[in-house]
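In terms of this note's numbering, the sequence shown has 7 at position 6, counting the first letter as 1, and numbering is strictly consecutive.
Hint data in this document are derived by calculation from the structure and do not stem from the laboratory. Check the hints yourself; a few may be wrong.
Stated by the list, open to error - With a straight-line Cα cutoff of 30 Å, these simulated DSSO-like cross-link-like pairs (lysine-lysine) come out:
hint: 1; residue 1: K42; residue 2: K20
hint: 2; residue 1: K60; residue 2: K106
hint: 3; residue 1: K188; residue 2: K20
hint: 4; residue 1: K130; residue 2: K166
hint: 5; residue 1: K160; residue 2: K130
hint: 6; residue 1: K188; residue 2: K160
hint: 7; residue 1: K166; residue 2: K106
hint: 8; residue 1: K188; residue 2: K130
hint: 9; residue 1: K160; residue 2: K106
hint: 10; residue 1: K60; residue 2: K105
hint: 11; residue 1: K106; residue 2: K20
hint: 12; residue 1: K188; residue 2: K166
hint: 13; residue 1: K20; residue 2: K166
hint: 14; residue 1: K142; residue 2: K188
hint: 15; residue 1: K106; residue 2: K130
hint: 16; residue 1: K105; residue 2: K130
hint: 17; residue 1: K166; residue 2: K142
hint: 18; residue 1: K105; residue 2: K20
hint: 19; residue 1: K42; residue 2: K142
hint: 20; residue 1: K20; residue 2: K60
hint: 21; residue 1: K42; residue 2: K130
hint: 22; residue 1: K142; residue 2: K106
hint: 23; residue 1: K160; residue 2: K60
hint: 24; residue 1: K42; residue 2: K166
hint: 25; residue 1: K105; residue 2: K166
hint: 26; residue 1: K142; residue 2: K160
hint: 27; residue 1: K130; residue 2: K142
hint: 28; residue 1: K105; residue 2: K188
hint: 29; residue 1: K166; residue 2: K60
hint: 30; residue 1: K60; residue 2: K42
Computed from a prediction, not measured in an experiment: that's the story for all the values here.
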Amino acid sequence: MLIINSHGINTSVGASQVKEAIASANINTENCSVLCVTHPKDERESSIRDNAINILGFKCENIFFTSYETLNNDFSPDIIYIGEGNTYELLEYMQEYGVLDYIKKHTNAIFIGSSAGALILGTDINLAKFFDSCDHYVWDKSGLGLFDGAFFPHCSAEKFEMFMKNVDPIDIEGYTEIIPVGDDEWKVIE
Numbered sequence: 002m003l004i005i006n007s008h009g010i011n012t013s014v015g016a017s018q019v020k021e022a023i024a025s026a027n028i029n030t031e032n033c034s035v036l037c038v039t040h041p042k043d044e045r046e047s048s049i050r051d052n053a054i055n056i057l058g059f060k061c062e063n064i065f066f067t068s069y070e071t072l073n074n075d076f077s078p079d080i081i082y083i084g085e086g087n088t089y090e091l092l093e094y095m096q097e098y099g100v101l102d103y104i105k106k107h108t109n110a111i112f113i114g115s116s117a118g119a120l121i122l123g124t125d126i127n128l129a130k131f132f133d134s135c136d137h138y139v140w141d142k143s144g145l146g147l148f149d150g151a152f153f154p155h156c157s158a159e160k161f162e163m164f165m166k167n168v169d170p171i172d173i174e175g176y177t178e179i180i181p182v183g184d185d186e187w188k189v190i191e
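Take the sequences, apply the hints, and build the full model.
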């Protein structure tokens, strides 16, 4: 199961959206473990932890962040949250520190992708060029491939319709489906 939105759970808006999505899927977070994937330079861990406890209902002891310890043991999270930020930087971090490989071993988890995390859940992050700057080159833009296509965060259905009229077809070539996710919505993909 994939839960997609455009705001991270470090914000009350994003956490509230994820709470609604989790409730719609009948997931009880009280005894679930969650692995949070964020870029270390983003410094959002405390707000993610606070909102995961106070809004989403996770127990503090069940909230983990990517680290050497969590990635190199038998820890198998119930939920994997991939957060927001610059998509290129987040993907590069996940590639460099083995986070992508770790996640590929845990595809039975429930995935939450917010903004950049939503893009990473798909086949690749090529659509990031429309809203993120790439100050350095990411050679491999492959995502996790948990969805055969791409999610387009921060894009309402109306904006997406205009985008599709104006985009060069080569920029969207190869996607089975592109699903827009506006700032005020969330989606559950089963």
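Hints not upheld, ascending by number: Of the numbered hints, 7, 9, 13, 23, 24, 25, 29 do not hold.
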